[in-house]
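Enquirer: Sequence:
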Amino acid sequence: MTAPALPRRAVFPFTAIVGQEEMKLALLLNVIDPKVGGVMIMGDRGTGKSTTIRALADLLPEIEVVADDPFNSHPTDPELMSDAIKQQIEQQTKLPIARKKVQMVDLPLGATEDRVCGTIDIEKALSEGVKAFEPGLLAKANRGILYVDEVNLLDDHLVDVLLDSAASGWNTVEREGISIRHPARFVLVGSGNPEEGELRPQLLDRFGMHAEIRTVKDPELRVQIVDQRSQFDQNPQAFLEAHQAQQDELQQRLLNAQALLPTVSIDHDLRVKISQVCSDLDVDGLRGDIVTNRAAKAIAAFEGRTDVTIDDIRRVIGLCLRHRLRKDPLESIDSGYKVDKVFAQVFGLAEPETAAANGAMRR
Numbered sequence: 001m002t003a004p005a006l007p008r009r010a011v012f013p014f015t016a017i018v019g020q021e022e023m024k025l026a027l028l029l030n031v032i033d034p035k036v037g038g039v040m041i042m043g044d045r046g047t048g049k050s051t052t053i054r055a056l057a058d059l060l061p062e063i064e065v066v067a068d069d070p071f072n073s074h075p076t077d078p079e080l081m082s083d084a085i086k087q088q089i090e091q092q093t094k095l096p097i098a099r100k101k102v103q104m105v106d107l108p109l110g111a112t113e114d115r116v117c118g119t120i121d122i123e124k125a126l127s128e129g130v131k132a133f134e135p136g137l138l139a140k141a142n143r144g145i146l147y148v149d150e151v152n153l154l155d156d157h158l159v160d161v162l163l164d165s166a167a168s169g170w171n172t173v174e175r176e177g178i179s180i181r182h183p184a185r186f187v188l189v190g191s192g193n194p195e196e197g198e199l200r201p202q203l204l205d206r207f208g209m210h211a212e213i214r215t216v217k218d219p220e221l222r223v224q225i226v227d228q229r230s231q232f233d234q235n236p237q238a239f240l241e242a243h244q245a246q247q248d249e250l251q252q253r254l255l256n257a258q259a260l261l262p263t264v265s266i267d268h269d270l271r272v273k274i275s276q277v278c279s280d281l282d283v284d285g286l287r288g289d290i291v292t293n294r295a296a297k298a299i300a301a302f303e304g305r306t307d308v309t310i311d312d313i314r315r316v317i318g319l320c321l322r323h324r325l326r327k328d329p330l331e332s333i334d335s336g337y338k339v340d341k342v343f344a345q346v347f348g349l350a351e352p353e354t355a356a357a358n359g360a361m362r363r
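Here the working numbering is used: position 32 in the sequence shown is 32, and no number is missing along the way.
No lab work stands behind these hints: they were computed from the structure.
Be aware that a few hints might be false.
[As the list claims (entries may be wrong)] The calculated lysine to aspartate or glutamate pairs, modelled on EDC-like cross-linking and capped at a C-alpha distance of 20 Å, are:
(1) LYS94 / GLU64
(2) LYS101 / ASP68
(3) LYS273 / ASP340
(4) LYS35 / ASP289
(5) LYS100 / ASP248
(6) LYS24 / GLU150
(7) LYS140 / ASP58
(8) LYS341 / GLU351
(9) LYS101 / GLU241
(10) LYS94 / ASP83
(11) LYS273 / ASP284
(12) LYS101 / GLU64
Given these sequences and hints, build the entire structure.
Expert: Okay, structure coming up:
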């Protein structure tokens with residue numbers, strides 16, 4: 001007889017989060033298309049970064065998995081299942097299917113590579129002739145969200161491992177001639193405080209998007225945020241019920257967008273102009289072009305359209321490119337003005353306000 005499921009801890013609802021539109025948009029687009037490549041969120045302390053990411057994981061619909069599989073393998077999609085499950089399917093074994101919440105895995109700063117990637121029990125492999133694998137955090141995060149707070153303080157080698165897995169969708173562990181791999185498709189979300197140092201440009205470039213968040217200055221909005229948090233803390237259940245309809249509506253929009261995404265297209269002329277912007281900004285490599293195309297398609301799908309518009313590109317291009325302009329590790333990341341200016345020139349639109357005015361507005 002199975003034990004009754006414990007009630008889940010109440011999580012602040014995503015739709016109740018006030019402001020920080022840039023961060024919320026970047027996270028939603030990565031959920032619609034995980035191949036966008038993750039989000040790096042940089043901002044002041046206490047601006048709700050962790051709260052927003054936990055709220056996103058809680059918002060997502062349940063997924064179908066092979067029951068008791070440590071890799072959250074998909075029951076039918078070969079790209080999202082482990083080799084052991086593929087073998088069982090080839091042998092026509094009937095697999096038990098379960099539904100579970102999308103996992104949000106927190107990666108602690110002190111994590112070792114073994115803890116992240118998993119370990120192979122060499123003794124067992126040699127004595128019993130079986131590949132004894134102890135899954136790590138990447139296995140747990142498959143088909144979910146992997147969140148690294150203070151990613152700028154994480155060892156560069158570990159950041160490389162995470163980004164490699166996020167890009168390829170697979171994690172491979174090799175030791176003493178034994179090799180094991182498993183699917184590791186997850187939305188990688190890193191956050192940090194710029195005061196504690198930036199990531200090296202080479203690593204920053206590997207994140208699909210870069211969202212910048214600031215402390216809310218408007219006193220009215222600050223009061224609204226404090227009031228909402230107080231209401232939630234006093235009676236989480238009532239607060240969740242009050243936002244349930246909005247949560248359900250947003251969840252359905254995400255599901256519709258994921259289904260619509262394969263049919264979304266961008267005109268050749270718009271694709272050429274995206275690449276022209278990247279070229280004029282002297283962005284290294286082609287990641288900027290690819291991510292901007294993907295993000296523009298994702299935002300069109302989110303709004304229920306199959307054709308990408310210039311406005312879709314305008315809304316995502318800053319998020320996709322501004323962290324790729326830094327050539328010198330000591331430079332600060334452009335706030336987006338440079339990207340907006342070149343975008344306006346290439347697409348023949350009115351240029352944004354002057355840099356001085358833009359800077360004054362942001363302060």
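Enquirer: Holds or violated: LYS273 with ASP340, Cα cutoff 20 Å?
Expert: holds, 13 Å
Enquirer: Holds or violated: LYS101 and ASP68, Cα atoms, limit 20 Å.
Expert: holds, 14 Å
Enquirer: Given the hint that LYS94 pairs with GLU64, does the C-alpha gap stay at or below 20 Å?
Expert: The hint holds at about 15 Å.
Enquirer: Are LYS100 and ASP248 close enough, with their CA atoms no more than 20 Å apart?
Expert: The hint holds at about 17 Å.
Enquirer: What's the verdict on LYS341 and GLU351, does the C-alpha distance respect the 20 Å limit or exceed it?
Expert: The given pair, whose Cα atoms are some 6 Å apart, holds under the 20 Å limit.
Enquirer: Hint check: LYS273 vs ASP284, CA-CA at most 20 Å. Holds or violated?
Expert: Answer holds: LYS273 to ASP284 is near 17 Å, not above 20 Å.
Enquirer: Given the hint that LYS101 pairs with GLU64, does the C-alpha gap stay at or below 20 Å?
Expert: holds, 9 Å
Enquirer: So if I understand the rule, the pair passes when the alpha-carbon distance is 20 Å or less; does LYS140 with ASP58 pass?
Expert: Holds: LYS140 and ASP58 sit about 16 Å apart, inside 20 Å.
Enquirer: Measure nothing beyond the straight line between the CA atoms of LYS101 and GLU241; if it is 20 Å or shorter, mark the hint as holding.
Expert: holds, 19 Å
Enquirer: Is it true that the CA of LYS24 sits at most 20 Å from the CA of GLU150?
Expert: holds, 19 Å
Enquirer: Quickly compare the C-alpha distance for LYS35 and ASP289 to 20 Å and report which way the hint goes.
Expert: This hinted pair holds, its Cα atoms lying about 13 Å apart.
Enquirer: If you draw a straight line from the CA of LYS94 to the CA of ASP83, is it 20 Å or shorter?
Expert: holds, 16 Å
When held up to the earlier numbered hints, the structure conflicts with none and fits them all.
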